[in-house]
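Chains as they are written, first to last, in my numbering: chain A, 54 to 471; chain B, 54 to 471.
Among the hints, a few may not be true.
Given that identical chains are not distinguished, each listed pair holds provided it fits within a single copy or across any two copies.
[As the list claims (entries may be wrong)] In the SDA-like style, the derived pairs of lysine to any residue whose C-alpha atoms are separated by at most 25 Å in a straight line are:
1) K265 to G250
2) K62 to V268
3) K265 to R112
4) K265 to G215
5) K265 to R247
6) K265 to L101
7) K337 to D235
8) K140 to I403
9) K265 to H249
None of these hints come from the bench; they were simulated from the model.
Number of protein chains: 2
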Amino acid sequence: MDFVEELRKKAETARAASRVLAQVSTGKKNAALRHMADVLENHSEAILQANAEDLREARQSNVKRSYLDRLMLDEGRIHGMAEGLRKIALLPDPVYRGDFSTVRPNGLEIRRIHVPMGVIAIIYEARPNVTSDAAGLCLKSGNAVILRGGSEALRTNIVVAGLLARAAKETGLPEGAIQLIDTPEREAVDAMLRMHGAIDLVIPRGGAGLIKHVVETSSVPVIETGTGVCHTYVDASADLDMATSVAVNAKASRCSVCNAMETLLVHRAVAEEFLPKMAEAMKKAHVTLRGDEGARAICSDMEEATEEDWSTEYGDLILSVKVVEDLTAAIEHINRYGTGHSEAIITRDIASAHRFQREVDAAAVYVNASTRFTDGEEFGFGAEIGISTQKMHARGPMGLMALTTTKYLVYGEGQIRE
Amino acid sequence: MDFVEELRKKAETARAASRVLAQVSTGKKNAALRHMADVLENHSEAILQANAEDLREARQSNVKRSYLDRLMLDEGRIHGMAEGLRKIALLPDPVYRGDFSTVRPNGLEIRRIHVPMGVIAIIYEARPNVTSDAAGLCLKSGNAVILRGGSEALRTNIVVAGLLARAAKETGLPEGAIQLIDTPEREAVDAMLRMHGAIDLVIPRGGAGLIKHVVETSSVPVIETGTGVCHTYVDASADLDMATSVAVNAKASRCSVCNAMETLLVHRAVAEEFLPKMAEAMKKAHVTLRGDEGARAICSDMEEATEEDWSTEYGDLILSVKVVEDLTAAIEHINRYGTGHSEAIITRDIASAHRFQREVDAAAVYVNASTRFTDGEEFGFGAEIGISTQKMHARGPMGLMALTTTKYLVYGEGQIRE
Chain A
54 MDFVEELRKK AETARAASRV LAQVSTGKKN AALRHMADVL ENHSEAILQA NAEDLREARQ
114 SNVKRSYLDR LMLDEGRIHG MAEGLRKIAL LPDPVYRGDF STVRPNGLEI RRIHVPMGVI
174 AIIYEARPNV TSDAAGLCLK SGNAVILRGG SEALRTNIVV AGLLARAAKE TGLPEGAIQL
234 IDTPEREAVD AMLRMHGAID LVIPRGGAGL IKHVVETSSV PVIETGTGVC HTYVDASADL
294 DMATSVAVNA KASRCSVCNA METLLVHRAV AEEFLPKMAE AMKKAHVTLR GDEGARAICS
354 DMEEATEEDW STEYGDLILS VKVVEDLTAA IEHINRYGTG HSEAIITRDI ASAHRFQREV
414 DAAAVYVNAS TRFTDGEEFG FGAEIGISTQ KMHARGPMGL MALTTTKYLV YGEGQIRE
Chain B
54 MDFVEELRKK AETARAASRV LAQVSTGKKN AALRHMADVL ENHSEAILQA NAEDLREARQ
114 SNVKRSYLDR LMLDEGRIHG MAEGLRKIAL LPDPVYRGDF STVRPNGLEI RRIHVPMGVI
174 AIIYEARPNV TSDAAGLCLK SGNAVILRGG SEALRTNIVV AGLLARAAKE TGLPEGAIQL
234 IDTPEREAVD AMLRMHGAID LVIPRGGAGL IKHVVETSSV PVIETGTGVC HTYVDASADL
294 DMATSVAVNA KASRCSVCNA METLLVHRAV AEEFLPKMAE AMKKAHVTLR GDEGARAICS
354 DMEEATEEDW STEYGDLILS VKVVEDLTAA IEHINRYGTG HSEAIITRDI ASAHRFQREV
414 DAAAVYVNAS TRFTDGEEFG FGAEIGISTQ KMHARGPMGL MALTTTKYLV YGEGQIRE
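One chain only, chain A, in its complex shape:
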């Protein structure tokens, strides 16, 4: 059987499973999640063995050190995956939650409720914990899931997904609720992306290259996640100590993630006072600065920022710095170079704060806080399936509700339309 045929079969099995899953009670789904957690912990040895083989091969192909770290599992990380599933079991069930109701003049009663999407595909890269997170979130929201991890983690993912699928089945959930594409061919992804109708939604999680490929190839609806060229703008009226502390946090608390700041914009009026102070704090946090002309006129030891810097997601301890004339220039810069993820203003002025929040076009717009808070946990949604940087369906951190669609329930007594 070739892999396209195999994929089509997986999608059909998933569709059948999704019909059943949509009707499963919250209690039964939670029991499955807890059992999945136990099974992972009870079989950690098998998982670690497969992971060791993946690691060995990855080392031979000279991948980056940070990549190896993402790929690597140990007892602690497996426990973390299990705890993640147990936490999903504690979250409220989004299915059948109502969000609208009305009675029409003709007596028709209309309710809108949330229901599962159906079949969701998740395409991701190195980290094997996404396998359990994504499976858990899709299951809790009543969806069947087809997982496709990075080929470097294939052995690990085969064991993890196999254990999860078995555990789900053992608690009475349908065969096909959790499936993994276990062929390494890249064409398998492309084939899946053309299965419009068979798959309801695809969520790519990973680098810009993966996401771009999915967006350009897919006829299945996509939710784009993750690319973050985030800014912090220090206004003329800013509390400069707060600005320094927030900026260091936004850049350096974890520089590899999408909600980290990449560019700092500073109002000309405070640049002379703020920049040296900020530069010193960034130096302590091992951040390299790249300034525009205005910034380097004040801090001459900054590297020179080029046009390319303004649209670069460094994912590293590098920060570009620009002095702007005013709030208008800051907003224009952000709307031009930003990716619509998370943007912040540091200000004491209510009119500046208000205008910044209105005119900046992004998923999350902060006043006086670090962009690093854009996260499902931090927003109070519990676990997240990713952070959407597109405008359709869901924007910003996506919790369980983002994995549902809606259905109108209409109750009549024989009404007909004139």
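Based on the hints, put chain B in the right spot on chain A.
Then chain B, alone, in the frame of chain A:
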């Protein structure tokens, strides 16, 4: 300038306009809508002249009579378009409406509000009234719109869109808020569909062929609209008079629209009593019946339904009829052949009603009412931009809210993430 270059310029102008439009007050938008309505009525002669030319050419190329009817404008229809715009002015503004707020343990205040999408493209076929409807709905929701009508209506659309754009500008709205693609090349549509990032959303309105083409070509997010293979299921416990009246309404009140019924499913236990009664009523309404074996065993003068019938959207006074064993078989048939638009059960039994509504996977699931009610006006949303048959973003009738996305506003006092 070739048309791809021209298109890219239109998209850029639209983006700039959208930044301004997002901040325009409700009062100013409503004033623009009313002025657009007046301008259409005051220039009906120019519109009718262009329309006469479109009609003349269409007649020469031997298009269907129903097509000519959709293309044709007269004073009454132009007045209808103007009234449509005035009605949109009366609808509540969706922009800045909040739908979520929370305060986190660290003191961060988070609000979610609705904001315009940005730049929306609408691709449609014959009817020139879509030009004014779509322009009005996009404007009211703060979006810039790029319109692409059918090539047969090009002259009419050029005049109508030109008047609307001029009227919008006269009331102080930005240049580029309303634009039309005025080149007949089909490649212009394809070029637009690849402008991911420049255009935020594309909504195709028209036949299945157009929608399929857009879904398969577009890298811009799409909302699929319209295809409706809708069913009515007459349960064993149904009030058969109600079933007849609802079925005739669902099929024959307007058979060309997407919420019309295409297949009638009848429980075996009532088939013998119900089918002859129903067949007589359908005959009076000039509906041709195509039955499966079970139906034809009772009403032998029905034509024979083939496998193809079950997935056909007739858009005509034709109805396929099938006798099913039970509710389970009805649900299975619907989930297999339906397009997820509108489905109805006629029943007196509460358990059947409940199960049908839970297990049927569609945008709107009715108990004891005609599927013809799936419509923005009938649901109380005011005008609609279309009926979504996909699961992402919006499902079912789409009012103004479907043309918005959301933005998280976060207020802090210098919070940083640990």
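Here is how each hint holds up against the structure:
Proximity of K265 to G250 under the C-alpha cut-off of 25 Å is found in both arrangements, the shortest distances being 21 Å within a copy and 11 Å between copies. In this assembly of identical chains, the alpha carbons of K62 and V268 lie at most 25 Å apart whether taken from the same copy (24 Å) or from different copies (23 Å). Within a single copy, K265 and R112 get their C-alpha atoms no closer than 27 Å, and across copies no closer than 45 Å, so neither meets the 25 Å cut-off. Taking the shortest Cα distances, K265 and G215 never come within 25 Å of each other, neither inside one copy (29 Å) nor across copies (36 Å).
In this homomeric assembly, K265 and R247 come within 25 Å of each other (Cα to Cα) both inside a single copy, at 15 Å, and across copies, at 12 Å. With identical chains, the CA atoms of K265 and L101 are never at most 25 Å apart, being 32 Å at best within one copy and 46 Å at best between copies. Taking the shortest Cα distances, K337 and D235 never come within 25 Å of each other, neither inside one copy (45 Å) nor across copies (58 Å). With identical chains, the CA atoms of K140 and I403 are never at most 25 Å apart, being 39 Å at best within one copy and 36 Å at best between copies.
In this assembly of identical chains, K265 and H249 lie within 25 Å of each other by CA distance both inside one copy and across copies; the values are 18 Å within and 10 Å between.
The earlier numbered hints that this structure contradicts are 3, 4, 6, 7, 8.
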